[in-house]
Amino acid sequence: MDRPIKTLQDKNSYLDLHRQERVTLLEVLDRALDKGVVISGDIVISVADVDLIYLGLKVLLSSVETMERLRGAPMAGAQEEPT
Amino acid sequence: MKIYAYGIIDSHNSLKEPIAGLEGKGIYNVSYRDIGITVSELNEETKEITDTYILEHERIVERLMEDFTVLPMRFLTIFNTKEDILSMAELYYEDFKDNLARLHNKVEFGMKVIWPADTIKQRIIDVYHKTKHNVSISTESPAKTFVKEKFQEHIIEKEFQEEANRCIAVVDDYFNKIACEKKLKRLQTENLLLNASYLVDKQRQNDFKQAFEQLKNTPGDLKFLFSGSWPCYNFVTLTKKVASFDYFNTEDMLNRLLAQQGFAKERNAV
Numbered sequence: 146m147d148r149p150i151k152t153l154q155d156k157n158s159y160l161d162l163h164r165q166e167r168v169t170l171l172e173v174l175d176r177a178l179d180k181g182v183v184i185s186g187d188i189v190i191s192v193a194d195v196d197l198i199y200l201g202l203k204v205l206l207s208s209v210e211t212m213e214r215l216r217g218a219p220m221a222g223a224q225e226e227p228t
Numbered sequence: 009m010k011i012y013a014y015g016i017i018d019s020h021n022s023l024k025e026p027i028a029g030l031e032g033k034g035i036y037n038v039s040y041r042d043i044g045i046t047v048s049e050l051n052e053e054t055k056e057i058t059d060t061y062i063l064e065h066e067r068i069v070e071r072l073m074e075d076f077t078v079l080p081m082r083f084l085t086i087f088n089t090k091e092d093i094l095s096m097a098e099l100y101y102e103d104f105k106d107n108l109a110r111l112h113n114k115v116e117f118g119m120k121v122i123w124p125a126d127t128i129k130q131r132i133i134d135v136y137h138k139t140k141h142n143v144s145i146s147t148e149s150p151a152k153t154f155v156k157e158k159f160q161e162h163i164i165e166k167e168f169q170e171e172a173n174r175c176i177a178v179v180d181d182y183f184n185k186i187a188c189e190k191k192l193k194r195l196q197t198e199n200l201l202l203n204a205s206y207l208v209d210k211q212r213q214n215d216f217k218q219a220f221e222q223l224k225n226t227p228g229d230l231k232f233l234f235s236g237s238w239p240c241y242n243f244v245t246l247t248k249k250v251a252s253f254d255y256f257n258t259e260d261m262l263n264r265l266l267a268q269q270g271f272a273k274e275r276n277a278v
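The listed protein sequences derive, respectively, from chains F and D. Per our numbering, the very first residue in the first sequence carries number 146; after that it's consecutive. Per our numbering, the very first residue in the second sequence carries number 9; after that it's consecutive.
One or more of the hints may lead you astray.
Straight-line Cα separation of at most 25 Å, SDA-like style, residue types lysine to any residue; simulated pairs [stated by the list, open to error]:
(1) LYS180(F) x PHE168(D)
(2) LYS180(F) x ARG131(D)
(3) LYS180(F) x GLU157(D)
(4) LYS193(D) x LEU174(F)
(5) LYS180(F) x SER48(D)
(6) LYS180(F) x LEU63(D)
(7) LYS193(D) x THR169(F)
(8) LYS180(F) x VAL135(D)
(9) LYS33(D) x LEU170(F)
(10) LYS180(F) x ASN225(D)
(11) LYS24(D) x LEU170(F)
(12) LYS180(F) x GLU64(D)
(13) LYS105(D) x LEU178(F)
(14) LYS217(D) x VAL183(F)
(15) LYS180(F) x HIS112(D)
(16) LYS180(F) x LYS210(D)
(17) LYS180(F) x HIS137(D)
(18) LYS180(F) x ARG174(D)
(19) LYS180(F) x PRO150(D)
(20) LYS156(D) x LEU174(F)
(21) LYS90(D) x LEU170(F)
(22) LYS10(D) x ASP179(F)
(23) LYS248(D) x LEU170(F)
(24) LYS193(D) x VAL183(F)
(25) LYS180(F) x LEU195(D)
(26) LYS180(F) x GLU198(D)
(27) LYS90(D) x ASP179(F)
(28) LYS180(F) x TYR101(D)
(29) LYS180(F) x ASP18(D)
(30) LYS90(D) x THR169(F)
(31) LYS180(F) x GLU170(D)
(32) LYS180(F) x ASP229(D)
(33) LYS180(F) x ALA125(D)
(34) LYS10(D) x THR169(F)
Computed spacing ranges between beta-carbons, pair by pair [to be verified]:
(35) ASN225(D) x ASP179(F): 29 to 39 Å
(36) ASP179(F) x THR153(D): 22 to 32 Å
(37) ASP179(F) x LYS185(D): 23 to 33 Å
(38) ASP75(D) x ASP179(F): 19 to 29 Å
(39) LYS138(D) x ASP179(F): 19 to 29 Å
(40) ASP179(F) x ASP42(D): 24 to 34 Å
Keep in mind that the hints were calculated from the coordinates and are not lab data. Using N, Cα and C, we set each Cβ at its ideal position, and we do this for glycine too.
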């Protein structure tokens, strides 16, 4: 990646870079996994060994809210700004 | 070699500048009538697709948006042959044209609104207990107490839902006059009050951001996650239905895989 796609900035510097990327990834997942142009199956295939696709993502497939809870950190002040 | 598709664009011409796709393969445009399907080749040996791929997919779609109106393909839309792509384009051509016209010069913004559901409920309960509806448990029969308790739960839940609607209406009102279209998902979890997507004309992006600035500076219990601009994933609408049974259902597959790994509850709680 030549840049973070969209860094959700926190005015309290609450989100470190790694977390910002994860939040970004969550937002991308929220859109690109099952929205957009979704076409019929005759011409859509899965890549072999699909499990591997999600192994790298499983931790990220929760809402920001759940992620915060799992990390034991509150959402306080985590207001993001448009980028 | 498989063919990975990124998006439908409003041009049948070749790309003016080379754009690197997944695995560094060059992106090219497969033309059908006056539209195109932007694709790159994907190595059949590719098995380990990671989160990097989805971010790359997004980056590429955004790059295409700089030059074209783009209908983003869902992540991992892969074709066997160019003929398959052309068949798809023929089948969905009218849909694609309608969407390309509707989404021309538009972008999507996302906003999640989180509220403290427990606190809100407690407030409702406190108010309820100060009213004549209060349940007096001590002297009533168990059956009557049970009914009253259920009634109380119903009233509290109803008020909770109404409070949610009131808050959503206030939030949404900030963007109503700016957005062209919107998709509002309310209370996907108790704390996720609103998961909204707004379709905004590119020329009005700053108006939209300013509206958000105003909203976020409003005192209150709500917290906001704002993101954008995005490709218009949430606003592509195809009238032709998915018919095939071997349709690659990402959501089902995802839930199944997560269940296998003990993540089902976490995802379902989203």
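A quick look at each hint next to the structure:
Only pairs whose Cα atoms come within 25 Å are accepted, and LYS180(F) paired with PHE168(D) is rejected, the gap being roughly 30 Å. Proximity of LYS180(F) to ARG131(D) is assessed by CA-CA distance (about 37 Å); at most 25 Å being required, the pair is judged violated. A distance of roughly 42 Å separates the Cα atoms of LYS180(F) and GLU157(D); the hinted pair therefore is violated under the 25 Å criterion. Pair hint LYS193(D) plus LEU174(F) holds up; C-alpha atoms about 16 Å apart against a cutoff of 25 Å.
For a cut-off of 25 Å, the pair hint linking LYS180(F) to SER48(D) stands: about 20 Å separates their Cα positions. Proposed proximity of LYS180(F) and LEU63(D) is supported: the alpha carbons are some 15 Å apart, at most 25 Å. Using a Cα cut-off of 25 Å, the hinted pair LYS193(D) and THR169(F) holds, with the two alpha carbons roughly 20 Å apart. For the proposed pair LYS180(F) and VAL135(D), the alpha carbon gap of about 42 Å is over 25 Å, so the pair is violated.
Only pairs whose Cα atoms come within 25 Å are accepted, and LYS33(D) paired with LEU170(F) is accepted, the gap being roughly 22 Å. Restraint check for LYS180(F) and ASN225(D): the C-alpha separation of about 31 Å exceeds 25 Å, so the hint is violated. With a C-alpha separation of about 29 Å, the suggested pairing of LYS24(D) with LEU170(F) is violated against the 25 Å cut-off. This hinted pair checks out: LYS180(F) and GLU64(D) have alpha carbons roughly 16 Å apart, not beyond 25 Å.
Between LYS105(D) and LEU178(F) the alpha-carbon distance is near 23 Å, which keeps this suggested pair within the 25 Å criterion. Taking the CA atoms of LYS217(D) and VAL183(F), the gap is near 29 Å; set against the 25 Å cutoff, the hint is violated. A distance of roughly 18 Å separates the Cα atoms of LYS180(F) and HIS112(D); the hinted pair therefore holds under the 25 Å criterion. Note on LYS180(F) and LYS210(D): the hinted pairing holds, with a Cα-Cα distance of about 21 Å set against a maximum of 25 Å.
A hinted pair counts as satisfied when its Cα atoms are at most 25 Å apart, and LYS180(F) with HIS137(D) does not qualify at roughly 45 Å. Straight-line distance between C-alpha atoms of LYS180(F) and ARG174(D) comes to about 28 Å, which puts the hinted pair past the 25 Å bound. For the proposed pair LYS180(F) and PRO150(D), the alpha carbon gap of about 51 Å is over 25 Å, so the pair is violated. About 44 Å separates the Cα atoms of LYS156(D) and LEU174(F), which puts this hinted pair outside 25 Å; it is violated.
For the given pair, LYS90(D) sits about 30 Å from LEU170(F) by alpha-carbon distance, which is inconsistent with the 25 Å threshold. The suggested pairing of LYS10(D) with ASP179(F) holds, with an alpha-carbon distance near 21 Å, which does not exceed 25 Å. Restraint check: the Cα-Cα separation between LYS248(D) and LEU170(F) comes to about 30 Å, which exceeds 25 Å; the hinted pair is violated. A hinted pair counts as satisfied when its Cα atoms are at most 25 Å apart, and LYS193(D) with VAL183(F) qualifies at roughly 20 Å.
Distance check on the hinted pair: LYS180(F) and LEU195(D) sit about 20 Å apart at the alpha-carbon level, within 25 Å; holds. Annotation: proposed proximity of LYS180(F) to GLU198(D) holds, straight-line Cα distance about 24 Å (limit 25 Å). This hinted pair checks out: LYS90(D) and ASP179(F) have alpha carbons roughly 23 Å apart, not beyond 25 Å. Pair hint LYS180(F) plus TYR101(D) holds up; C-alpha atoms about 18 Å apart against a cutoff of 25 Å.
A hinted pair counts as satisfied when its Cα atoms are at most 25 Å apart, and LYS180(F) with ASP18(D) qualifies at roughly 19 Å. Among the hinted pairs, LYS90(D) with THR169(F) is inconsistent with the structure: their alpha-carbon atoms are about 32 Å apart, more than 25 Å. With a CA separation close to 29 Å, the supplied pair LYS180(F) and GLU170(D) exceeds the 25 Å bound. For the suggested pair LYS180(F) and ASP229(D), the alpha carbons sit about 31 Å apart, so the restraint of at most 25 Å is broken.
In summary, the hint linking LYS180(F) to ALA125(D) is not supported, as the alpha carbons are separated by about 28 Å, beyond the 25 Å threshold. Proposed proximity of LYS10(D) and THR169(F) is contradicted: the alpha carbons are some 28 Å apart, above 25 Å. Between ASN225(D) and ASP179(F), the C-beta spacing of about 34 Å keeps the proposed range 29 to 39 Å intact. For the pair ASP179(F) and THR153(D), the beta carbons lie near 46 Å from each other, so the given range of 22 to 32 Å is not met.
Take ASP179(F) and LYS185(D): their Cβ atoms lie about 30 Å apart, and the range 23 to 33 Å holds. Between ASP75(D) and ASP179(F), the C-beta spacing of about 26 Å keeps the proposed range 19 to 29 Å intact. Checked against the given bound of 19 to 29 Å, the beta carbons of LYS138(D) and ASP179(F), roughly 45 Å apart, lie outside it. Separation of ASP179(F) from ASP42(D) is about 28 Å and conforms to the stated range, judged on CB atoms against 24 to 34 Å.
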